[in-house]
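Chain order of the listed sequences is W and P. Reading the first sequence from the start, the letters are residues 1 to 232 in my numbering. Reading the second sequence from the start, the letters are residues 1 to 365 in my numbering.
The following label-pair restraints were derived from C-beta to C-beta distances: (1) W:125 to P:76: 19 to 25 Å; (2) W:125 to P:119: 25 to 31 Å; (3) P:60 to W:138: 22 to 28 Å; (4) P:136 to W:138: 25 to 31 Å; (5) W:90 to P:68: 54 to 60 Å; (6) W:26 to P:136: 34 to 40 Å; (7) W:38 to P:129: 41 to 47 Å; (8) P:183 to W:38: 45 to 51 Å; (9) P:345 to W:124: 54 to 60 Å; (10) P:171 to W:60: 49 to 55 Å; (11) W:90 to P:119: 54 to 60 Å.
Stretch by stretch, here's where chain P covers chain W in the computed footprint (C-beta under 8 Å, at least three residues): (12) 116-129; (13) 132-138; (14) 143-149.
Away from chain W, derived, C-beta distances all over 12 Å, residues of chain P: (15) 18; (16) 233; (17) 245; (18) 274.
Please keep in mind that the hints were generated in silico from the structure rather than gathered at the bench. All C-beta atoms in this analysis are idealised placements derived from N, C-alpha and C, irrespective of residue type, glycine included.
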Amino acid sequence: MNPFAEALDLITAGDLYVWEVILRSIRISGSALAFAMLFGLPIGAAIGLSRFRLRRPVIALVNTGLALPPVVVGLAVFLLVSRSGPLGGLEILYSPAAMILAQAVIAGPYIAAVSLAAADSVPPDVRLQARALGAGPFRATLLQLREVRTSLVAAVAAGFGAIISEVGAVMIVGGNILGETRVMTTAIVLETRRGNFGVAVALGIVLLLVALYVNLLLLLLGRWSMRRPPTS
Amino acid sequence: MTDEREILVAKGIRVRYDDRLVLDVERLALRTGEMLAVLGPNAAGKSTLMRVLAMLEKPTAGHSRFKGRAGRAAARALRKSSAAVFQKPHFWSDTVAYNVGLGLRMRGSSAREVSEHVERICGLMGIGDLLDRDVATLSGGQAQRVALARALVLKPDILFLDEPTANLDSVSRGEIREDIERIARQRAGSVLLITHDRAEAFSLADRVAVLVGGRLVQVGTPTELYENPADSYIARVTGAELTLKGHVLRLEDSTLVVDVGGIELRTVGSAGEGSQVKIAYRPEDLVLAAAEESSVHLSTRNFFFATVTEVRALGGLYRIRLKGPGGADMAAVVTRSAADELRLQAEGRVSVRVKATALHAFPAG
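Next up, chain W with everything else stripped away, as it sits in the complex (with noise of 0.2 Å):
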């Protein structure tokens, strides 16, 4: 049978094991997601909006986080959760538990890197204007944050980009196991080693429409927060 004609009759007719891999490729990715948001967002914004001494290198080295192999990422969070790491106490190692870990871990840096870009990008004269109006420091900050809102969507989407589809570091933290820690990227690798080629499109089509959903999910929010009504 073409793999394509399989795939859509195991999407639709919904196939227990396909669709219980989505799923939990969703619930991961979206746990780690929230935590990279956590703190992401806040250390990009903080380093975006204020002026210190070795802003510039700091800069750097959050973009740096940008470029890190999430293998790597995977092999230093295995270290950090396998029995004799410093966190092995926890015993996550081989749980979605570890691969939210680890997932939150490459996010996190897309998500502050982009966010820092945005913040940057704030004209100063917007605090002044807020504070003018009567805003306290904290206020002021959510004004000058209100106004590249759409671009901290954009990194939040990258964030989760960067996640949805990784396979290195799942596999790595994850083990790949059936049931448990098994989502799309490294059901397709295994389903393609198999010759479960259809298995494997069927992840693949579905893995591309969350991504695609995703960000049009993300962007109709950024658009939405644009239009909301004046006196809310």
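Dock chain P against the given chain W, drawing on the hints supplied.
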């Protein structure tokens, strides 16, 4: 000493940027209910002074008091009860209504209150039809009116205006000035207006503070500055010409007698005998007459002849350029009928009279 009427007082303010002293103001106070204009040339430190007074920037030295309070308490109180309009106001990418209501929302007003107040102020300022417009589509004049509405909707105790008309065409400039005169004065307790435009300062403000090179040269009512300019810069900004130069011969009847190209002119001012001076006069203070008329029965102390070099129509008036004592290029302003009666034309000769009190001598250099 602090005057009870003084709502905001700045003392010993010094601001340095990289070792460069850009502001050095001993004392400046804004009184309740007044409009104080800070007038000065470009790079005089006007905007820095405004940011310091608005407590948006910390000075290198000195402090300000707002309603008797100092430090953080003053800054917090001032944040809540003042508003500022900048030369290039920033708008958050949204509608006019969102931007005008921003300050009210920050002060905790409910959505209904915000909407009511925003509609009222925009209606008052004639921009009610712009409420739902995206701020990116506003013209320069509209944008500045929206910025003014955004500040005035807060009914601030102090309204800071930093060159609000500097980037506008003449029509919009007139409209904004009218808004400042008509609405800002009524809705804001006191107004601090930063401007480099002397007409704006002198026509709108109750008092004018002249700032040159980061220092206050004179603070007073427009009349005080006009009648007793502290230095030649103020004389110039109040519309005086400074082309007459000479040296002091003697002091006589509380006037200085100055030799200008062989002609003795009586002036007011303070300068030592023999010192070089510049003499400021206003073109409208020169009285022109036909060259053959004599001066014997007039109270004006100064009389000399001059040659007309140019006659230029200036609306209903004529601006006459003259070659005066010592070949100095001078200017006079006369009405159209006077110009016709005297048959003023280039190369013609006229006699010029001017009161001693209309000539102000300042040390040259």
